[in-house]
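K.L.:
Protein chains in written order, with the numbering used here: chain F, 1 to 786; chain V, 1 to 207.
These aren't lab readings, by the way, just hints derived from the structure by calculation. Don't take each hint at face value.
[Said to hold, decoys possible] Computed cross-link-like contacts, DSS-like style, restricted to lysine-lysine with a CA-CA straight-line distance of at most 30 angstroms:
| hint | chain 1 | residue 1 | chain 2 | residue 2 |
| --- | --- | --- | --- | --- |
| 1 | F | K547 | V | K170 |
| 2 | V | K139 | F | K186 |
| 3 | F | K610 | F | K187 |
| 4 | F | K587 | V | K181 |
[Claimed, not checked] Anything over 12 angstroms on all C-beta distances counts as not near chain F; from chain V, calculated:
| hint | residue |
| --- | --- |
| 5 | V24 |
| 6 | M53 |
| 7 | N153 |
| 8 | M158 |
| 9 | D169 |
| 10 | I176 |
| 11 | A200 |
We treat Cβ as the ideally placed atom computed from N, Cα and C, and that holds for glycine.
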Amino acid sequence: MGNKVDMLKSKFDRLFDFIGKNKFILLLVFSLVIIGSFIRINSVNFVNDISIMLPDSPEINRSLNFINSSQMSDTIVFSITSMDPNKNLLSLTNGFANELKKVSQITKVITGVENLDISKIKTDLARGLPLLLSKQDYALFKDIEEETYLSEQVRQMFVMLTTPGSSLMQDSMGIDPFGWSNPLLKKLTTLSKSMGFDVELANTHFVDKTHQYALVIAKTSVTVTDADNSEKMLSTIDKITRLFPDLKIETICGHKHTVSNQNIIKRDIFVTTVIITLAFIGIMLFMFKTFDALSIFILPFFAIVIAVFISSFIFPALSFFMIGFAAVIAGFSVDYGIHLFAAWKTKGYESFKDTIKPVIIASLSTMGVFVSFFVSSVYGYKELAIFSILSIVVCVVLSIFFVPHFWREKGTLKKFNIPSDLSLSKSKLVLVVWGILFVLSMACLVKSNFTKATDITKFDGSEQSIFDSEAAFHNIWGGKKRPGVIVTPGADIERAWQDYELISDKLAPKMAGFNSLALLLPSQKKQKENLKTWKEFWTKDKISRVKDKFLKATTPYGFQSSFFDPFFVLLESNHLETTAQVPDGLKMFEPNFINHTDTYRLLSFFNDTKENTQIVASVLKDYPDSYIVSRRELSYLIGEKLILDLKNISLFAGCWIIGLIIFFLRKPKQIFLALLPVASSIPFVFLVLTIFSMDVTAIILITLIIILGLSLDYGVFISSAESVKKRDSVIIAASFSMITTIMGAGALLFASHPVMFSIGVTLVSGVTAAYLSAVFCIPAFQKVFK
Amino acid sequence: MRFKIIFLILIFLIPGTHVLCSEVDTILSDVEKNMGNVHSIQGMFVQKKQMAMFDTPITILGKLYIENPDKFAWMVTDPIEYSLIISKNTVTKWDKSNGATSLSLKENPMFKEMVEQITFWFSGNYAGCKNDYDINLIKTEPIILEFVPKDHNPASKMLAKITLVFQEDKKYLSKIILLEKNEDITELVFNDVKINSDIAASVWETK
């Protein structure tokens, strides 16, 4: 065994010497690689798509695909009001809409309902009554042969026709004198709610209930995740808005979130990079007091560049979230160089070689945490894992083999006034303080609310002004609470409609606010049944009897008998055919309920409450092709999957860390001490989150797993120091390491994006706790429990 | 020479057209201003309808009450007795045999549109409808305005034109004539109109 180690050591020495002799050639190669990487990075496609931070599951993807392909994602809405009461809001709105139509990325502009002809809709519905009315609706015909009923109905007709504004009723009255189509017309009001906004119509324009605001809806070809084109489009819209100084125009769309998030993340990346660069230079000049330390601090940046370069060949596009994490990676990957540099400077080459083992354990434990991310189904975590592992590997390999050749032999390092050995009484005091903090932290951990961890809106770091204008918009137009959607797919409309209708029949009586086109329009199969029932009911004899009695009742009022001929033709229902098409009168509702690409997707809507979702889910068990798309359901699915992911990642990371520690450290006491910073740091993060009233998010939970790896480093290094003297140099290195990690993570505290900021808070608090427990508690435990 | 004549005609026509346009605008503005000062109206009416569906013209008599911004009562006394009271978003119908029944306008789009038709012509806010109607000035003493729905206006499918005859003092309407596409004519004549005098609260309560 000893020989094997000697042989390995000599192999290392030979390799180390070889690299030393060729260091300038290798430096040239390294420089070329860096230049090549920069050139490559320049052409890399960076994207800001929060969906990569969501778990990959067929159900979630189905919902996201539906949302991306539905009206929600390609729609821009404008809430418009006139600031000058003398100016006509609707004319100005038309002018604005006309300008929008000129924008190449805008495919359609809707200001209201053109040619809304309720009389025609009513007449159309009346013509289709034999197809649309089912047996249950026949209560309408209950008294049809009663003379008193007929005479009363005729009287009502006379009243209606002599009321001002009755012109629009005349056409339909000839075919539907009893108003049998009225209940169907009433259902149209329910259908109109599917638009999601509380709109009224004024001069064919969408207006709010006060008529002070107009609504314009635009469709765009720019996808909501396409930040660059979204920015161009929003800039054009902004220019158009400025052409109308008399109008106050609020623009609401998902594209604004995309652009805002991207700009904030870009700004955050710039700010954190500047902060960490300045911080590293500061440490180098004021703590290491030597320029050869520059190599340690510059190394993580080069490692990151190389990691991005390699990642760009693995992934088609790289996310800004990953790059945003670069400061953190720089912060902790510099640690390995620091430990090696501190050993080299204080004790020379032999000490440097002794430090390689803990460096490898520490880097393997950290990489192990990132390897555990591969267990997750979240694409973003895998991307982050590859990027981090590559950065760490490059950093460690270069720190061990390449960079030391540019270090001068010995030097002085800044001494930290941290005792490497504590008296027994001080050790006991340290343990008491630690115990109190640990209990408090555990209490916060147990009390923490994990339910918000699944809230995907926490990933949205858009500027407050966007949320404010959305709140103002919803105050005027409603629609804040989006309805849940039931999607019923089918290769053709008729087949899909049969399930659609059955689902509608089952759900409509069970929940208020249920909305489906099937409420009004039966499937062809049902239409045939309805027509058959109608013909059975309206026999020739019955029609003849009703005709006689009815015409007799109309005579005193002077009605022309031929005026009602269309009604009797309708009763006979000859030449009436079923149709799979939505009738002309209902066409305006079609886009809200029928989604047609290569297949059909028929949509029903319901109030997105827990109870309703349960009811819908129970009904959909019989219709496995149909599914729910709702914020609640999506949040539940994501939450369920994220929690499962976190369990898997934690289990893998835990096993990896414990396995690694047992393999390298073997002694139970040393294992316990190495794990002490881990056990201290995780609960302490919850104490800090509680103090700052921050919600526990999925991002925080995943950052905690990274803390597992980082905390373990301190435990491994300090518990590995066999003597107080050795611990002294390890504490110096650990202190530098903590400072650099905190700087990397601390830079994120200046980030505006909530995801970046929460990573910063979690890492700073976790690493601080890990460092303090390693530097003070490990020696204290060793002293008290000898 | 011929060119000069055409040129002169054009020169004279341009201001002429301008004068006509601005005269309609001025009258609309006057009417809007006058009717804007009207808070309440009450009076008698006679409505004559010549409709294809009836063998003979129908004449009905009754009382009309309007209280801005959102109250309207149409009370027919002859040949049958019934009333229609619109208050905000509710329409209440009353007749002897059925008593009172109320309807929400939000849930009855047909009725809503009908009520909008009624209230619009009594509102006086005609300038806002220039996009939807061609407005012609037929006579100035008394003012007679003719509104022809433009093709894009859904009303054009039923209505050929609406003629409004104003009182001498331009304060209110004295007659409305609706000519429909099928040549049905409705003529509504107002008598004993009282402007801005108190309307008894009982009017808005159904019998």
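K.L.:
Hint by hint, say whether it matches the structure.
P.N.:
A quick look at each hint next to the structure:
no., hint, verdict
1, F:K547 with V:K170, "violated (50 angstroms)"
2, V:K139 with F:K186, "violated (43 angstroms)"
3, F:K610 with F:K187, "holds (25 angstroms)"
4, F:K587 with V:K181, "holds (26 angstroms)"
5, V24, "holds (16 angstroms)"
6, M53, "violated (4 angstroms)"
7, N153, "violated (8 angstroms)"
8, M158, "violated (5 angstroms)"
9, D169, "holds (23 angstroms)"
10, I176, "violated (8 angstroms)"
11, A200, "holds (22 angstroms)"
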